[in-house]
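Protein sequence lines, in the order shown, are assigned to chains A and B. Heads up, the first sequence is in our numbering, so the first residue is 22 and it goes up one at a time. Heads up, the second sequence is in our numbering, so the first residue is 1237 and it goes up one at a time.
Worth flagging that the hints you see were computed from the coordinates, not collected in a lab. Remember, it's a predicted structure, so these values are computed and weren't measured experimentally. All C-beta atoms, glycine included, are put in the ideal place defined by N, C-alpha and C. Some hints could be false.
As the list claims (entries may be wrong) - FRET-style restraints, in silico, Cβ to Cβ: (1) B/ILE1303 <-> A/LYS271: 19 to 29 Å; (2) A/ASP189 <-> B/GLU1354: 35 to 45 Å; (3) B/GLU1421 <-> A/PRO201: 56 to 66 Å.
Claimed, not checked - No farther apart than 16 Å at their CA atoms in a straight line, the calculated lysine to aspartate or glutamate pairs in the EDC-like style are these: (4) A/LYS122 <-> B/GLU1359; (5) B/LYS1378 <-> B/GLU1359; (6) A/LYS271 <-> B/ASP1306.
As the list claims (entries may be wrong) - A few chain B residues that don't get close to chain A, going by computed Cβ distances all over 12 Å: (7) ASN1245; (8) THR1282; (9) THR1297; (10) PHE1414; (11) GLU1452.
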Amino acid sequence: MTRADIVGIQTITRKETHRIFRIWIQTILPSVMTQTLYFIIFGGLIGSRLGNVGGTSYIAFLVPGLVMMSAITNSFSNVVSSFFGAKFQKSIEEILVSPMKPWAMLTGYLSGGVVRGVVVGFAVFLVSAFFTPMHIAHPFSFFYFLLITCVIFSAFGFFNGMFAKKFDDVGLIPTFVLTPLTYLGGVFYSITLLPPFWRTVSYANPIVYMIDGFRYGFSDISSAPVLTNAIILLLVAAVAIAIDLHLLKKGFGLRS
Amino acid sequence: MSIALSINNLEKTYATGTKALKGVSFNVEEGELFALLGANGAGKTTLIGILTGLVKKTGGTATVFGIDLDKEPEKVRSMIGVVPQEFNFSIWEKVIDIVVDAAGYYGIPKKIATPRAEQILKELGLWEKRNATSRTLSGGMKRRLLIARALVHQPKLLLLDEPSAGVDVELRREMWLFVQKLNAEGTTIILTTHYLEEAERLCKNVVLIKEGVIAEQGNIKELMAKTGAQSLEDFYLSVNKRV
Chain A
22 MTRADIVGIQ TITRKETHRI FRIWIQTILP SVMTQTLYFI IFGGLIGSRL
72 GNVGGTSYIA FLVPGLVMMS AITNSFSNVV SSFFGAKFQK SIEEILVSPM
122 KPWAMLTGYL SGGVVRGVVV GFAVFLVSAF FTPMHIAHPF SFFYFLLITC
172 VIFSAFGFFN GMFAKKFDDV GLIPTFVLTP LTYLGGVFYS ITLLPPFWRT
222 VSYANPIVYM IDGFRYGFSD ISSAPVLTNA IILLLVAAVA IAIDLHLLKK
272 GFGLRS
Chain B
1237 MSIALSINNL EKTYATGTKA LKGVSFNVEE GELFALLGAN GAGKTTLIGI
1287 LTGLVKKTGG TATVFGIDLD KEPEKVRSMI GVVPQEFNFS IWEKVIDIVV
1337 DAAGYYGIPK KIATPRAEQI LKELGLWEKR NATSRTLSGG MKRRLLIARA
1387 LVHQPKLLLL DEPSAGVDVE LRREMWLFVQ KLNAEGTTII LTTHYLEEAE
1437 RLCKNVVLIK EGVIAEQGNI KELMAKTGAQ SLEDFYLSVN KRV
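Okay, chain B solo, but in the shape it has when bound (with noise of 0.2 Å):
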C-alpha cells in the first residue's frame, strides 16, 4: 500500500504568536479512512488548512501522494477535496452552480461537470433542490452540498472537517454510508469529528493531536486495549486528562 499523506515535523506558528502546531508528523495509507482527532483548538482544522493551501505552514514538509507541497501545491491541491467546517459557499447562488463553477476552478468543463454534478446531487439527495439558492437549504442540506462540492473533481484525498455537525441522527447515519461508499471505491478520508462514535465505526487508525503535537496515534482498537478503553471515547478521554 502506497503513501497518500506524509506529515513530517509540521509546524504552524500564527502572526500573533500562536503556536497551532508544533512538529507534527504521520502518515496515512492509500484507500485508509484516518481519524483526526483533538479538543477545539487542537491545530486539526490548521492542519487541514496547510494542506488545502488556506493556512501557509512556518515549518516542516506535507506530500501528498508523493507530491511535495511546497514544490508543486497546485499539483497537491488537485488531488485534494476538502469539506469545511463552515459553510463557505455564496448564499445568493444556485445549488447546481455551485457545484459546477466549483468543478471549473479545477479546470473541468462545464459539459463535463454538469452530468458529474447532476451524479452527486442525485447521491445526495440535492438533485430536487439543484435550483434553489444555497440559503434556503437546511442546515443537513447545507452539509451535503459542501460533500458534493468537494467531490465534483472527483478528488483521491477527501479531508471532512466535522462533515456532521449540527446534523440529525438519520442523516449522520446516511452520510456514514456514503464516506464508507466513497472510501470503498478508492478515495483515502481523513475525517476530524467530535462524534468519537462516528471515528470508532469508521476508522481503522488514528491521530489524536493535543495542543499542536501529536499524544498518541495508531490503530484505534488497539489503542483501546493498551489502556483498556471500553470504547474511543474513553481512550480520548483519558489521552486529554494527562498532564
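Only chain A is shown next, with the shape it has when bound in the complex (with noise of 0.2 Å):
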C-alpha cells in the first residue's frame, strides 16, 4: 500500500462521511424515527403485555436486533445508491481515469458505508436509552459483530450497485431480499423459539448470526456459539470482497 493509495482511500471516505452528514435528513434521521417508533410499539406498548424472551424483557431483547436492522439497511443503502449515483452522472469516471487501483476504490466505498451504518446503528442504540437500560455485555463481541455487519452489507451493496442499469434496479434487492431476510433473522423474536424445521432453514440466513452475535455483545443472549458466528461472518465478507473486487477490476458495468 502506497501513500497515494491511502490518500484515494481517505478522499472516497471523506466524500461519503460528508454526503452522510450533508444529507443527514435523508441518511439519519429515518432509521432513527423508524426504529423509535418500534421501541414505542412493540417494545413499550406489546412488549410489555408479553413475558421475557432469553431471561431479558421484550424490549432488552429487541435493541439489539434493531440497531443492527438499521446497520444492515443504511450500510448497505448509503454504499449502493451512492455507487449507482455516481454511475448515472458519470462521475464514477473521475476515479476511473485516475491510477486509483480497484481496492483502493472499493475500500473507499466500503468505509463509506460502515461509516453511515455505524452512526445509524450507534444513534439507534442512543435511543433504546429511553426505552431500557443501556448495558454492553461483551464490547469487543458488540463493535465486531457491528462493523462486520455494515462491512458485509456495504459488500453486497457495491454488488448491487455494479449490476444496477437503471433507479428501479437499486431498490429490488433490498425491498425483496433485505426487508425479508432482515425480518426474519431474529430481530423480534429468539431462533431458539422456532419449531426444529424452521430453526434449521433459518441457519441459512447470514443475518441470524449476525444479530445473535450483536445480541451476545449486547446482553450475553445467544443461541449459536458466538466464535462460530464470528467465523461465519468473516468468511462471509471475504467472499463478497472477493467478489466486487473481482469484478471492479474486469470493469463490469464500468468500462466498456
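Work from the hints to combine the two standalone chains into their complex.
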C-alpha cells in the first residue's frame, strides 16, 4: 500500500462521510424515527404484555435486533445509492480515469457504508436508552459484529450498484431480499423459539449470525456459539469483497 | 524531441459488433499541441477512452512517455489529464470539492491540492464560484471546471475532447489562450474539436480519423498545400467526401 493509495481511500471516505452528514435528514433521521416507533409500539406497548424472552425483557431483547437492522439497511443503501448515483451521473469516471487501484476504490466506498451503518446504529442505540437501561455485556463482540455486518452489507450494496442499470434495480434487493431476511433473522424473536425445521432453515440466513452475535455482545444472550458466528461472518465478508474486487478489476458495468 | 504518445495498430470492437477503431497508428511528440479530428462516430472519443481506461481496447498497443498502457495502466493514467465531452462531475458537489477530490484520486493530499485548486480556479475565473454547487454553474463555467479538474494533478499529457463545444465566442478565445499557455509551459495536448478553425489556429499536426481508420495525418499546412485547400475546413471536407 502506497501513500497515494491511502490518500485515495481517504478522499472517497471523506467525500462519502461528508455526503452522509450533508443530507442527514435522508441518511440518518429516517432509521432513527422508524426504530423509535418500533421501540414504542413493539417494545413499550406490546412488549410490556409479553413475558421475558431469553431471560430478559422483550424490549431489551429487541434493542440489539433493531440496532442491527438499522446498520444493515443503512450500510447497504449508502453504498448502492452513492455508487449507482456516481455511475448514473458519470462522476464515477473521475475515479476510473485516475491511477487509483480497484481495491483502494472499493475500500473507500465500503468505508462510507460502514460509517453510515455505525453512525445510524449508534443513534438507534442511544435512543434505546429512553426505553431500557443501556448495557454492553461484551464490548469486543458488540463492536466486532456491528463492524463486520456493516462491511458485509456495504459489499453487497457495492455489488448491487455495479449491476444496477436503472433506479428500479437499486430498490429490488432491499425490498425482496434484504427486508425479508432481516425480519426473519431474529430481530423480533429468538431463533430458539422456532420449530426445529424452521430453526434449521433460519441458519441459512447470514443475518441470523449477525443479530445473534451482536445480541451476545449486547446482553449475553446467544442461540449459537459466538465464535462460530464470528468466523462464518468473516468468511461471508471475505467472499463478498473478493467478488466485488473481481468485478471491479474486470470493469464490470464501468468500462466498455 | 521524445515521443509523448505512441499508438500502434489500435483496435476496438464493441460487444455490439461495432468496429470503432480498425488499426490506428500515430505518434505525438512531447510538447506538441496536436489535433485529432473526425466526424461524429469516427472513433476519436473511443481512442481517448482507451488511453484513459474507460474503454478496453481489443487490439494494438499504446505507450505514453514510453510507458506501456498494458503493463502499467495506473502509471499511464497518472500522467494523463482528460477533459471529457460530457459534464461528468457530481451536480451536488461544490466546485472546490470537485477539484480537490479529483487530486485525491491521484494520491495528492488535500493540503497540497487545495492551494493548487485555488490557483487553477483563479486562472480559469472560477474562484468566486468555489463554494457554489456545480449544477448552478453556466455551461461555460462547467467546461472550465472540467479543465480545472483535469489539471489539478499536473498531467504531462492533456486530452481535450471537444472542450469548446457549446461555448460562446469570447470564452472560446479565452480558452484558446489558456490552452496555448499550458502548451507553452510544457504540457503535451491532444485536442479533438469540430471547430476546425480552432484546430488550424492552435495545432501544428493533425490526425484525421474516418470510420475508425486514419484518413490523413501530418502537418496541417503541408496537408492543405498538398490538396490546394484554402483552410483546414476545406481540407477536412475534401477528405470526408472521399469514398
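- Item | Those earlier numbered hints the structure runs against, lowest number first | When the structure is compared with the hints, numbers 4 and 8 turn out to be violated.
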